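Student: Put chain B on the given structure of chain A with help from the hints.
Here the protein sequences line up with chains A and B, keeping their order.
The numbering of the first sequence is this note's numbering, which starts it at 1 and goes up by one.
The numbering of the second sequence is this note's numbering, which starts it at 1001 and goes up by one.
Among the hints, a few may not be true.
As the list claims (entries may be wrong) - Think about it this way: if two alpha-carbon atoms lie no more than 25 Å apart in a straight line, the pair counts; the simulated DMTMM-like pairs of lysine to aspartate or glutamate are:
(1) B/Lys1103 with A/Glu187
(2) A/Lys209 with A/Glu104
(3) A/Lys209 with B/Glu1131
(4) A/Lys108 with B/Asp1052
(5) A/Lys108 with B/Asp1055
(6) B/Lys1103 with B/Glu1154
(7) A/Lys209 with B/Glu1093
(8) B/Lys1173 with B/Asp1196
(9) B/Lys1270 with B/Glu1239
(10) B/Lys1173 with B/Glu1235
(11) B/Lys1212 with B/Asp1022
(12) B/Lys1270 with B/Glu1235
(13) B/Lys1119 with B/Glu1239
(14) B/Lys1170 with B/Glu1239
Think of the hints as simulated: they come from the structure by calculation, not from any bench.
All values derive from a computational prediction rather than experimental measurement.
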Amino acid sequence: MIAPGSTRFRPTKRSAAGPLRTEPAPVRCLIIAIAGAFLFVFLVLPLFTVFQQAFSRGIGPYVEAIRDPDAIAAIQLTLLVAFMSVAANLAFGLVAAWAITRFEFRGKSLLMTLIDLPFSVSPVIAGLVFVLLFGAQGFFGAFLQEHDIAIIFAVPGIVLATMFVTFPFVARELIPLMQEQGLQEEEAAISLGASGLQTFFRVTLPNVKWALLYGVLLCNARAMGEFGAVSVVSGHVRGETDTMPLHIEILYDEYHFTAAFAVASLLALLALVTLVAKTVLEGQADRS
Amino acid sequence: MMIAVHNVTKRFGTFAALRGVDLEIRSGELIALLGPSGSGKTTLLRIIAGLDRPDDGEILFDGVNALTRSVAARQVGFVFQHYALFRHMTVFENVAFGLRVRKGKQRLPETEIRSRVRKLLDLVQLSWLAERYPNQLSGGQRQRVALARALAIEPRVLLLDEPFGALDAKVRKELRRWLRGLHEEIHVTSVFVTHDQEEALELADRVVVIDKGRIEQVGTPRDVYENPATPFVHEFIGETIATPITIENGVVSYAGATIGLDNQGVRDGKATLFVRPYDMAVVPVGEATFAGRVARIHGLGPARRIEVALHSDPGGIVEVDLPRTSAVSTGEQIGLRPRQYRIFASPAE
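Isolated chain A, as found in the complex (with noise of 0.2 Å):
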């Protein structure tokens, strides 16, 4: 899974004469060998032993773990989730990022923090907060109650949860580039007699398009992988409120190894492909 505030990894231009090195090569080699030893015990063999474990009965059980109604209704309530928060957010990080780069106004550094509060925050905490204003005994518990409508236990409370956790990718990543943008070309558009909508469809989004892409990505990764806030509201309601994360401990606290890490693989793979497809959009970027 991605980290909450993974920066990105961007390859500095080397200079024509290249690098000046002035260790010596055994002192290169060394570090060189530490930091991919590490990369190896933390993250290739953890990934590595997903797979393996997954597979360790063979390809049926594999298979049946997957295809599993409880597994199936996990796996499409995750997609549900994620797909809904990563609507969410796309939105409210579009009009988040313009508000901050476009306008002056009293609050603006407030609102940026508030932005960054989802990183600081526990998920644990995150979900809590819901629990507390939509739950039972919570501040609009009895409204909800009177009115029939579930969130906490639910599947609103789960996307709730998500949305928050998942809240500043999309506007983190547009924030810094708007910024670097700055307004001329849309003024240049305005003054060349488009309206607003035709400067944000023809000028500011293309503008943006792959970093909103990059944000979106890495929303939906961390949406799908969600635990913490997503565990205190769903009330784990085998079939109806688990999620992939879920179900996956669930499976390995009744001692289905094989079935948990089957479903666990199956996010291990989301997680290879949110890092290709980073790959690419960075690269796209770079070139645009």
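Tutor: Then chain B, alone, in the frame of chain A:
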């Protein structure tokens, strides 16, 4: 189109960018807004375009209030300092943008758009780059694309913000001449902002000198150079020797001695004498306004630059330009007297 600016004021927070600016721009004119950075010239341009709103005052286009109209409705072609080309569009699409965003009846058929864009690219001599992207162009080429894009909407007025600011000296000179030619060809009312006096004097029909949010002088290049209206204009345009003097009963004195210059109607009190370096003549020490020792001679070409260390002002150096033929040598004692000069009263303290 005629543009009238009446008493326009603009503040950014506590900073007064424009303080009561009045200006008339005649139809078909090429006008330069010249001033140091922070003088308010770009703000004035943006207010004319509609990209900024004044706090007070009026902008009239052909006698009609422009402030109630949007940027688009004003039909201004704006060329940005850093061009602001659409980076994800080809040169062709950049120029076509203003035509493509039109709606309904105003929308031209595709063939018409294409032929118009081609004509404009011919005009700026960039047809061969139509399919390139902005980041594949040189600075001068980008500038011309920006110009073609602004002209595509057939603007009633063309506004250019530091059009040559980001270019190197040689390209700047070429492009300047080219822009002058273009203006003579299409004759659209044009206003450009610059901090480069050479650019303003060479290119413009009239120059508007701005300082600290106020217009100091409006006039032809010759006017502002030869008859500066204020001390600021004298010092900002062309080289200037400025010397503090005093006037008593109409008599001009410098460093305690009368120097036999006319007070030009300036009232008694502290004042400043302004002389161009080439308006100083070498005279016998007895008839001189300033006397000093030649400290250094340098310069090639038609004139010699002489640095004179003044007797009256230890450490003070006056730089004058003398013809190549004048027989002056380093270390020599000489007298100087201005052939032409201006005296301005010092501002009351």
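Student: A separate judgement is required for each hint: does it hold in the structure or not?
Tutor: Hint by hint, here is what the structure shows:
no. : hint                     : result
1   : B/Lys1103 with A/Glu187  : holds (19 Å)
2   : A/Lys209 with A/Glu104   : holds (24 Å)
3   : A/Lys209 with B/Glu1131  : holds (21 Å)
4   : A/Lys108 with B/Asp1052  : holds (21 Å)
5   : A/Lys108 with B/Asp1055  : holds (24 Å)
6   : B/Lys1103 with B/Glu1154 : holds (16 Å)
7   : A/Lys209 with B/Glu1093  : holds (18 Å)
8   : B/Lys1173 with B/Asp1196 : holds (12 Å)
9   : B/Lys1270 with B/Glu1239 : holds (22 Å)
10  : B/Lys1173 with B/Glu1235 : holds (24 Å)
11  : B/Lys1212 with B/Asp1022 : holds (14 Å)
12  : B/Lys1270 with B/Glu1235 : holds (18 Å)
13  : B/Lys1119 with B/Glu1239 : violated (43 Å)
14  : B/Lys1170 with B/Glu1239 : holds (23 Å)
Checked against the numbered hints given earlier, this structure breaks only hint 13.
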